[in-house]
Structures are given as C-alpha cells and as structure tokens.
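Protein chains in written order, with the numbering used here: chain F, 1 to 229; chain E, 1 to 229.
Treat the hints as calculated values from the structure; they're not laboratory data.
Computed from a prediction, not measured in an experiment: that's the story for all the values here.
Just so it is clear, CB atoms sit at the ideal spot from N, CA and C, and this is done for glycine as well.
Be a bit skeptical, because a hint or two may be false.
Pair by pair, the computed Cβ-Cβ distance ranges are [said to hold, decoys possible]: (1) Leu227/F - Lys28/E: 50 to 58 Å; (2) Phe123/E - Gly130/F: 33 to 41 Å; (3) Leu142/E - Ala47/F: 47 to 55 Å; (4) Phe123/E - Phe229/F: 44 to 52 Å; (5) Gln81/E - Ala91/F: 55 to 63 Å; (6) Gly62/E - Phe229/F: 40 to 48 Å; (7) His223/F - Leu29/E: 48 to 56 Å; (8) Gln81/F - Asp157/E: 53 to 61 Å; (9) Pro30/E - Pro209/F: 32 to 40 Å; (10) Pro222/F - Asp157/E: 52 to 60 Å; (11) Pro83/E - Leu142/F: 28 to 36 Å; (12) Gly164/E - Ile35/F: 29 to 37 Å.
2 protein chains.
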Amino acid sequence: MVRAMRILHHVAISPHCRKIRLQLAEKKLPFGLEIERPWERRERFLAISPSGEVPVLRDETGVLLSDTTAIAEYLEEVYPQVPLLPKAPAARAEARRLIAWFDRKFDQDVGARLAQEKIYKRFGWTAGAGTAPDMAQIRFALEAVKGHLDYVGRLADQRGWLAGELSLADLAAAAHLSCVDYLGDVPWEECPPAKEWYARIKSRPCFRPLLADHLAGMTPPPHYANLDF
Amino acid sequence: MVRAMRILHHVAISPHCRKIRLQLAEKKLPFGLEIERPWERRERFLAISPSGEVPVLRDETGVLLSDTTAIAEYLEEVYPQVPLLPKAPAARAEARRLIAWFDRKFDQDVGARLAQEKIYKRFGWTAGAGTAPDMAQIRFALEAVKGHLDYVGRLADQRGWLAGELSLADLAAAAHLSCVDYLGDVPWEECPPAKEWYARIKSRPCFRPLLADHLAGMTPPPHYANLDF
C-alpha cells in the first residue's frame with residue numbers, strides 16, 4: 001500500500017477541526033494542514049466533503065474521511081495505541097455525551113454565534129457580511145458561556161478530567177473554548193476550577209500549534225497563548 | 001446484578017428517539033417507552049438528562065445514557081450480536097458520516113424547522129406558541145427536503161443500503177424522514193429510488209411501532225403507515 005502524508009483540510013478557528021488536531025497530536029500521528037475556505041464552496045472541496053464542511057481528513061492510506069464525529073471515532077479505532085476514550089462502555093458513553101455537548105450545544109449556544117457575529121460577518125465569509133454584529137446574539141452567547149464554564153468547572157472539580165480520565169471530551173471542550181478565548185470572551189476569572197483545568201490542558205504539547213494560529217487582522221487577547229494566564 | 005426493564009424516555013415524533021427505537025428493535029432488545037415532554041423541563045428529567053434532551057435510555061443494568069450518538073454507540077458496543085455498523089473502519093466512518101448527515105444537517109435544514117413551525121407552535125411546546133407558522137421557514141424546508149431525498153435516492157441506487165449494507169445510517173435516515181412524512185412533506189413521487197429504499201425499510205418489523213404512533217389532534221396522511229404507499 002502506498003502511504004502518503006496524512007492531511008487535514010481545516011479552518012484555523014473551527015473548533016471541530018481543532019478537536020481533530022488535538023486528537024492527532026495526542027496520538028502522535030504526524031499530519032499536514034491544508035487551509036480550506038468552505039464558504040467558497042470550491043468544487044474540488046465539495047468532491048471530498050459532500051456536506052461542504054471541514055474537517056476532512058485524508059489518512060496516509062488515502063482513505064478520505066469527513067464529519068468531526070466520524071473522523072474522531074475512526075482515529076480511535078485505527079490508532080488505539082494512545083486511547084482517548086475510556087475502556088468501559090458506560091464510561092465511553094459519558095465521554096461521548098460530553099463530546100456531543102460541546103460539538104453541538106456549546107457550539108450552538110456560544111461558539112457558532114460569536115464566530116458568526118464577530119468573525120464571519122467581519123471577514124465577509126457569510127451572508128450578512130459587512131453588516132454590524134447582532135448584539136442580541138452576542139449577549140445571548142456571553143450569558144450562555146457562563147453556564148457552560150460552570151459545568152466544566154463542576155466536572156473538573158469532581159472528576160479531574162471531564163470524563164474521569166483524559167479523553168476526547170477534554171479535547172473537544174478545550175477546542176471549543178479555545179476559539180471563544182481567541183475572541184476574549186471566556187470569563188475565566190469567574191470560574192477558578194475551569195481555569196485550572198484549561199491551564200492543565202493548554203500546557204500539553206498538543207495545544208501549542210493552536211495557540212500559535214493567528215487570524216490575519218484579528219489579534220487574540222494577551223492571555224490567549226499564555227500558559228500561566 | 002439486578003436487572004430491570006430497559007426504558008427509553010422519548011418523544012414520539014423525535015427522529016433522534018426514533019433512531020434508537022429502530023436500533024433497539026433491529027437488535028431484538030426489548031424495551032419500554034416512557035413519554036417525556038422535555039419542553040416542560042421537569043426536575044426529575046433534568047436529573048437524568050443534563051442537556052434536557054431526549055432520548056435517554058436506562059439500560060437493564062441501570063446505567064443511564066443520554067445523547068443520541070452516545071446511546072447508539074453504546075448499543076453497538078454492548079450488544080454486538082446484530083451489528084448495525086459495518087466492520088471495516090473506513091466503512092464505519094462512512095456510515096457515521098451519514099448518520100451525522102441526518103442527525104444534524106437534515107434535521108437543521110428540514111426536520112427541526114418543520115416540527116417547530118407545524119407541531120411545536122401549534123401545540124404550544126415552544127416559544128412563539130400560538131403564533132402562525134413562519135412560511136419562509138416552511139418554504140426553506142420543503143425546498144431542502146428535495147435535495148436530501150435525491151441524495152438518499154442516489155446512495156440507494158449505487159449501494160442498495162445507504163452505507164452498502166443495512167446499518168444505522170439507514171435507520172437514522174428513515175427515522176428523520178418518517179417524522180417529515182408524518183406531516184405529508186416528503187415528495188416521494190419525485191424520487192423513485194428513495195421511495196423504493198423507504199418502502200424496503202418501512203416493511204421491516206422494527207418500523208411497525210413508529211407507524212402506529214399518533215399525535216393527538218394531528219392525523220398523518222393516509223400513505224404514512226401504508227407499506228405499499
């Protein structure tokens with residue numbers, strides 16, 4: 001079998017892509033990054049991503065994978081040497097519940113709203129480009145992030161890592177929070193246990209490339225890449 | 001270990017619950033149903049479903065599971081006798097991509113929109129209760145369902161079942177389509193291969209209980225429960 005470089009087609013500020021980058025790095029699987037602009041709906045990209053969404057992973061065997069959950073489960077199945085889901089089925093279900101919590105609920109309540117209003121509109125990546133941010137949407141998200149942060153803090157306090165041991169649940173939560181943190185919108189000071197958990201995961205080597213990513217024309221707050229924030 | 005009846009907390013017209021009902025039935029796992037009204041946010045329900053969403057499964061060992069993906073993966077892991085995901089990792093990834101397609105994309109484009117405008121508003125289960133359906137939302141959904149139906153037809157034509165063999169991808173797609181079909185909003189006649197695929201899955205014994213479910217005050221069209229529709 002011919003092996004080629006493993007490539008992740010991604011958007012730097014997409015939490016769904018960041019989760020897969022963290023997972024690959026924790027598993028010590030080397031990969032290259034290819035920047036995609038899904039909103040341009042390039043024909044060549046649609047040919048490898050029927051939904052038109054990132055992330056898309058081309059594994060070194062050439063197999064093409066899309067959808068963040070399908071990619072994550074594939075990586076767990078094919079590269080089990082560094083497992084990122086617990087062993088027991090009930091514990092795996094709890095980790096998967098939390099992954100879905102962030103990939104869907106946090107994203108809907110907070111991440112996708114803020115990205116739409118603060119990034120996509122500003123850079124013209126979306127319908128409504130150039131219009132002013134919708135303050136009601138932003139207020140909703142800034143209120144919602146508090147509840148999610150409390151939840152992270154409570155779980156970290158009770159369990160250490162969110163599902164008891166370091167797992168994809170932590171990587172998913174950290175990926176989503178890191179995108180909101182880039183905007184300066186995570187009120188870390190209001191929730192010390194969540195801050196302590198994030199400092200722990202942020203200091204892992206897998207996190208470094210994420211903290212080095214910069215959106216041209218939009219600087220993150222000083223604490224964003226600081227490990228002792 | 002004390003074993004109790006397996007219970008699914010559900011909403012009859014929820015596609016996410018229907019997917020799990022189909023999966024349990026295909027696996028020949030007996031279960032009881034408990035009707036929940038998640039919009040009432042009962043404290044006892046929130047205690048078993050942190051997100052406040054259905055489905056929630058209490059397995060016969062007492063383990064409590066929530067989130068439709070976490071439940072489905074748990075059932076595949078714990079009850080592998082009737083497998084509903086293919087064996088090879090790349091094929092499993094393709095099945096999971098399609099499951100996510102329906103659980104997320106179809107639901108956002110079509111199912112959740114129509115349910116909100118035609119069911120939730122009418123029965124007062126939501127904000128905006130009693131207001132007239134938003135026709136722009138309905139038009140969007142009725143246009144989008146055509147594209148999804150074409151996609152189902154193309155896959156069924158090429159592969160027989162959506163992921164090549166009968167899998168959770170078919171159960172997910174059929175669960176979502178069945179809810180829209182209850183409203184009479186699936187233009188089956190426009191896509192014969194999708195109709196043929198649906199007739200095949202609809203005639204499986206697992207489907208019968210879904211077709212018998214009726215919402216009080218809202219009758220499905222005559223073809224809904226008809227196997228030769």
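(message) To test your reading of the hints: which numbers does this structure violate?
(response) The structure breaks hints 3, 5, 8, 9, 11; every other hint is satisfied.
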